[in-house]
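4 protein chains.
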Amino acid sequence: VIRVGVVGASGFSGAVAARLLAVHPHFELVFATSDKKKGEPVEDQLGVPTRLRFEPNGAAPDLDADCVMLATSAEVSADLAPKLLGQKKRVIDLSGAFRLEKPADYTRWYKLDHPAPELLASAHYGLPEVTGAPKGELVANPGCYPTAAILAIAPLVKAGLIESEGIIVDAKSGVTGAGRKATEDFSFAEIDEDLRAYKILSHQHTPEIARFAKVKLTFTAHLLPIRRGILSTAYARPRGKIEDIRACLSDTYAKTPFVKAKKPEEVRIAAVAGTNHCLVGAAADEDVVVIVSAIDNLVKGAAGQAVQNLNLWYGVDEGAGLLGLHRVLP
Amino acid sequence: VIRVGVVGASGFSGAVAARLLAVHPHFELVFATSDKKKGEPVEDQLGVPTRLRFEPNGAAPDLDADCVMLATSAEVSADLAPKLLGQKKRVIDLSGAFRLEKPADYTRWYKLDHPAPELLASAHYGLPEVTGAPKGELVANPGCYPTAAILAIAPLVKAGLIESEGIIVDAKSGVTGAGRKATEDFSFAEIDEDLRAYKILSHQHTPEIARFAKVKLTFTAHLLPIRRGILSTAYARPRGKIEDIRACLSDTYAKTPFVKAKKPEEVRIAAVAGTNHCLVGAAADEDVVVIVSAIDNLVKGAAGQAVQNLNLWYGVDEGAGLLGLHRVLP
Amino acid sequence: VIRVGVVGASGFSGAVAARLLAVHPHFELVFATSDKKKGEPVEDQLGVPTRLRFEPNGAAPDLDADCVMLATSAEVSADLAPKLLGQKKRVIDLSGAFRLEKPADYTRWYKLDHPAPELLASAHYGLPEVTGAPKGELVANPGCYPTAAILAIAPLVKAGLIESEGIIVDAKSGVTGAGRKATEDFSFAEIDEDLRAYKILSHQHTPEIARFAKVKLTFTAHLLPIRRGILSTAYARPRGKIEDIRACLSDTYAKTPFVKAKKPEEVRIAAVAGTNHCLVGAAADEDVVVIVSAIDNLVKGAAGQAVQNLNLWYGVDEGAGLLGLHRVLP
Amino acid sequence: VIRVGVVGASGFSGAVAARLLAVHPHFELVFATSDKKKGEPVEDQLGVPTRLRFEPNGAAPDLDADCVMLATSAEVSADLAPKLLGQKKRVIDLSGAFRLEKPADYTRWYKLDHPAPELLASAHYGLPEVTGAPKGELVANPGCYPTAAILAIAPLVKAGLIESEGIIVDAKSGVTGAGRKATEDFSFAEIDEDLRAYKILSHQHTPEIARFAKVKLTFTAHLLPIRRGILSTAYARPRGKIEDIRACLSDTYAKTPFVKAKKPEEVRIAAVAGTNHCLVGAAADEDVVVIVSAIDNLVKGAAGQAVQNLNLWYGVDEGAGLLGLHRVLP
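Chains as they are written, first to last, in the numbering used here: chain V, 1 to 330; chain Z, 331 to 660; chain E, 661 to 990; chain R, 991 to 1320.
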């Protein structure tokens, strides 16, 4: 059994990750940290039996594990990862700290003077359907919006079926994508029955999509009055026929356990919320290709994909601990 | 034209009140205060034309008006009301500061050492269908839960059709009842798809309902994942027949512009949200009377009822500025 | 006083229209029809006093009025309008029946063999900020998506600040945009916590936007888990500077009572739901202009705009009966 | 491995049951029926791999299985159960068809002339924490409201800590409790932002609670604008001290895997939605005991409890296939 610890286990992604690990057939949750909940029984949060109590985040390097999952901010992850790697622990990071290529990208998009630029080249970007099984000791787990967008676009770019410039990604996310918030902006009264765009032309997931889908794009994020889930609607100029575009998506994902090609009107958040699945579907005319994709931002867009990466990294079944997840929609 | 100012005009109740006054045929909104928005144009919030800018709350006694509406906390209201009354301004208070009988009630239920106990006896409790048109210079505008509960119970108690002891009021409110909140507890992710009871056996609206419905009761409040509206389900032991109970409600409210008796299954939040209306309906068997009532907590439960009180106090039509309000449900 | 009747007054748009007319200072609601509610008191639905009872839809030509508002399907409107015009009544139609140019457009987009093609040329498209005050006897009231999209795009196209080809309009609407529905697809359990695109590349509002914004576009509609409101995110290639683009929107709408230019992140459904307002805002870089706009689909997107058109048509104040509408968000 | 079939597997409860069985370590899903989806791959609905296709409901008696789960209406269940029992298959029924004592109860509460009254006496009511492991060949799986209410009340009645008469149960449920609906009443536009009581004094779950909690009660059901979950607030007159009441709940449930005693303000739907857990908590003063309880209506209130019953009936671990379920709230 592989022994995994979670840093930041009371945030949304960290909490889902801790629960997935606690009931996983091949991994053991050996510690969970949270400054907010330190000392409390982890069982109270997970709802599954465990004798662990939350440790403070700062204790992470002192706790034994084969692998550490960081569900922390980019700043904290960039600081912790080198320490843990130095202890010969594998690290999988759910923040954006190791997803971009150059320190300058962090200055621009994350307002972060990256403290460990030497790790950027060796980090494996863990989007299994696009980048395969993890290699090395450090996995950068993809962001939620990039997961939805890249799975929709990358196969078509690679096959030369759409132009790689002038892409529009108009994405809509539930509120848990922003993490736990104690602000009036994220209060129920402000979010319920509303929709708005945010960080227009400045969202930090833009360069991540550009890098791994190999495109030049405009990305807009919107805040949905729902808890979980992302729907991404991407627009591109066609270089091939709709039949070939549909076949490309079907063929690419035919043998993957989690991504499925559907008609674009069948792609919806309720069909994937609670699961590690992604649905993609495309329509096209002579001027435009529209590709719709949907994921659960906390599962395929964060903690579930992290477990999928662990499964592949440690050579167990890719779907272990993930295929039995229930949809939120009955 | 009567000149009215609103203190605390950027909170939920204060904002609705300011808008109602800004388009009212007989009143003029002469000032609006808000520490949070001081200096900003009031028009930006109201969406109706006005040249006012928000003043700081502390400026209220320096601003000219015939009447001042306090949409402030009980502490602030208890402090401001005597000053304004001393300036010969009428005061209508939307907090609980003047609704209870004795200073000891405030110590117990509001944890407040009341600074103006001498005003408690002369304050008029402004629930027009029960207590009539305001008299005097100080109106205590009812709480949201008490409005829904008292309108359901009081006529039946008065007519001797239900026992006045052993009453249960199980009430459910949208989140705006708690005011603007910047806490994780009131974040969308915590409220959406949830329901919970709060302040069980200790809610400060309990003695207010007891006092004005003339009952001994158990009151439970629940937090609904909706913005606006209260549904109250009251239980009492019958002393009369269901025909007489229904007739009592129908007759009591037949000529009131805002309260209507309906079948209890027709009483619902969506039928009143956005309006100053209240629906009430009763069912009964030999053991129990069930009385359901619904209001918009910010309108009939706060700002709308305050305007209704002003209408009656100043002798204009009771429905002025209120009967044209649109329901949120189309 | 101008005497107005509403056909289809129990649907969402018709119900809002009937209520707006019932409390309007210059119009009188003289009849309301509904096959579903025929014989029932109209007051029960409106919540405002009136002695009217619902008439059957087929009785419309027999009922006296100066002007008839049709809140019916395109099929019913196309059939009724010529009859009413033949009786010298003015007609304002909320369906799509008179918005497109050629009968062939109806065959393609509405699957409708238009029964009154001779009226298409003379119908006035009633988007006041773009097409001015109504002329003639027949007004085609704009669709909800087109209202949001055209108000965002048309001024920039006209000023030559964006390319008129290759426009993307990614729009999101609350469920009332689809009318009253008794299907499992529109059940709460299917809509809540979900988002999906529909009628991809085939939505009938596409040619209406193209015609009146004078663009070639791709339009995608999405179904939001909210009751009311549309947010439209439009993408275009810039031909001018962002300063000029912002100035164009600000200047165009500076003196209009209902449309306001804002920063794009301030454009949100909650700021306009319940009102006849539209907010628009733009951001741009060298590759793209993003224009966000928001309306209430039942008010500015249907019944409110119809009343605005009536105000202008009959020469009363443009904001009459509309400026006092309250936002759903407190 | 025990071979289980599900009749009515495309309804809400049946769909959850089929998925739970499809990934269960000790059971095999051997068939799933649905008239609506007959012939379609079951995998498309479940999201987990299976080669089954939906059979028509009427084929159930012809399909091989050790045990059949009926997720059908009371009418269909009452008809099918005797046939299946005659084939020596075990039957677990999720409808109300075998929960009441006498045929006359069915005439009154279900408007059903019961076709198999001889089975009523031998059916085991499967609420494990109250009635233990199933015995015999027919299990009546409890209703959703009764599960929440009985788990809250029964231990206190049994211990003599509350009066068994004059109980009030005020319960609130998400929409999936009513099954899949294609009616305007259950459309998103009618349910969203609303709350109403229904079937006041006539809900068919009333006698079921009375029978198994051994009380005389008033029961009111309310329809919440959420998908999943029930919160029940019960009121009783105390016969003991609050310390003893709390201790009774804690002790009763200390060793059960799914029911937990908490402070009443910690009892909330979001803490149990998606899981087979139930939370209960009590408060009291000299006049009243308030007991709050929460479950997921489709899991502990239906399909999950059915699997818990199967686990106990077939002697496998009580939590098998259930303890790993994830909460909907992250």
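These are calculated hints, taken from the structure and not from any lab test.
Values in this document were obtained by computation on a predicted structure and should not be read as measured data.
Accuracy of the hints is not assured; some may be wrong.
[Said to hold, decoys possible] Taking CB as the label site, the calculated pair distances span:
1. E:839 with R:1039: 37 to 43 Å
2. E:724 with Z:451: 44 to 50 Å
3. V:87 with R:1126: 45 to 51 Å
4. Z:331 with E:910: 29 to 35 Å
5. V:117 with Z:515: 36 to 42 Å
6. E:825 with V:216: 17 to 23 Å
7. V:287 with E:793: 33 to 39 Å
8. R:1126 with Z:509: 52 to 58 Å
9. V:53 with E:910: 37 to 43 Å
10. E:839 with V:44: 33 to 39 Å
11. V:41 with R:1276: 33 to 39 Å
12. Z:463 with R:1276: 35 to 41 Å
13. R:1039 with V:216: 53 to 59 Å
No residue lacks a Cβ here, since even glycine has one placed at the ideal position from N, Cα and C.
Self-check item: Violated hints - listed by number, lowest first
Solution: 2, 3, 9, 10, 13
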